[in-house]
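Which chain is which? The protein sequence lines are D and V, in order.
Residues in the first sequence are numbered from 1 upward in steps of one, following our numbering.
Residues in the second sequence are numbered from 1 upward in steps of one, following our numbering.
Just so you know, not all the hints are guaranteed correct.
[Unchecked claim] Distance condition first, Cα-Cα at most 20 Å in a straight line; then the derived SDA-like pairs of lysine to any residue: (1) V:K17 to V:S62; (2) D:K42 to V:V89; (3) D:K42 to V:S101; (4) D:K58 to D:T22; (5) D:K42 to V:S62; (6) D:K69 to V:R113; (7) D:K42 to V:K11.
[Unchecked claim] These stretches of chain V come out as covered by chain D in the derived footprint (C-beta under 8 Å, 3 or more residues): (8) 15-23; (9) 66-80.
I should point out that these hints are in silico values taken from the structure, not numbers from a laboratory.
Source: prediction; values computed, not measured.
Ideal placement from N, C-alpha and C gives every residue a C-beta, glycine not left out.
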Amino acid sequence: ILNVEQSPQSLHVQEGDSTNFTCSFPSSNFYALHWYRWETAKSPEALFVMTLNGDEKKKGRISATLNTKEGYSYLYIKGSQPEDSATYLCALGGHNDYKLSFGAGTTVTVRA
Amino acid sequence: GAGVSQSPSNKVTEKGKDVELRCDPISGHTALYWYRQSLGQGLEFLIYFQGNSAPDKSGLPSDRFSAERTGGSVSTLTIQRTQQEDSAVYLCASSLGIPASGANVLTFGAGSRLTVL
Numbered sequence: 001i002l003n004v005e006q007s008p009q010s011l012h013v014q015e016g017d018s019t020n021f022t023c024s025f026p027s028s029n030f031y032a033l034h035w036y037r038w039e040t041a042k043s044p045e046a047l048f049v050m051t052l053n054g055d056e057k058k059k060g061r062i063s064a065t066l067n068t069k070e071g072y073s074y075l076y077i078k079g080s081q082p083e084d085s086a087t088y089l090c091a092l093g094g095h096n097d098y099k100l101s102f103g104a105g106t107t108v109t110v111r112a
Numbered sequence: 001g002a003g004v005s006q007s008p009s010n011k012v013t014e015k016g017k018d019v020e021l022r023c024d025p026i027s028g029h030t031a032l033y034w035y036r037q038s039l040g041q042g043l044e045f046l047i048y049f050q051g052n053s054a055p056d057k058s059g060l061p062s063d064r065f066s067a068e069r070t071g072g073s074v075s076t077l078t079i080q081r082t083q084q085e086d087s088a089v090y091l092c093a094s095s096l097g098i099p100a101s102g103a104n105v106l107t108f109g110a111g112s113r114l115t116v117l
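Given the sequences, and given the hints that come with them, work out the whole structure.
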């Protein structure tokens, strides 16, 4: 199991504000970094998969960046809306690994 | 099927009883994973199936936990003599191939919430 850390554990955002949070991972043995969104009472859903240093992915108002040399990924939410309220999970895939190792998640609550 | 189905969605049991949790993955997905999330914890890997075999079951917490997959499809996670620390949401996920390489993503079920009294 690879050690994946996410910070902060939770955050509250005012509707319309932008926010970002971090996923840190060991830079050695990196293969892929996944982001998933888990809304209450629903299944976790894949947001992004990134494999290359410097990768940037965007989906609507949500975007992510990747730095494999220093071992971190940022996820950004621009102009937060109440429907963005969820737990955001990052997960690391390593070489010669069958599974993804997940962080504990960042829970985002957007206040109207 | 259209998505990953898990049953039951909720299970309350008494300490010491056995429970079975079922996962029906997306048709054609050869890789199947079980994870669990205990209160306040992250997703904890339990076991990985490729077809009917389990190359990685390193995450099973004790010999009270077992899992099988039949026909390259449905999987059952069995917990014997349940303990209170087994209370968690058990998530099943499937994918076309191994997600660690970045070529595939996991599709999750809605989970089975287990409460052991």
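message = Name the hints, by number, that the structure is in violation of.
response = Of the numbered hints, 3, 5, 6, 8, 9 do not hold.
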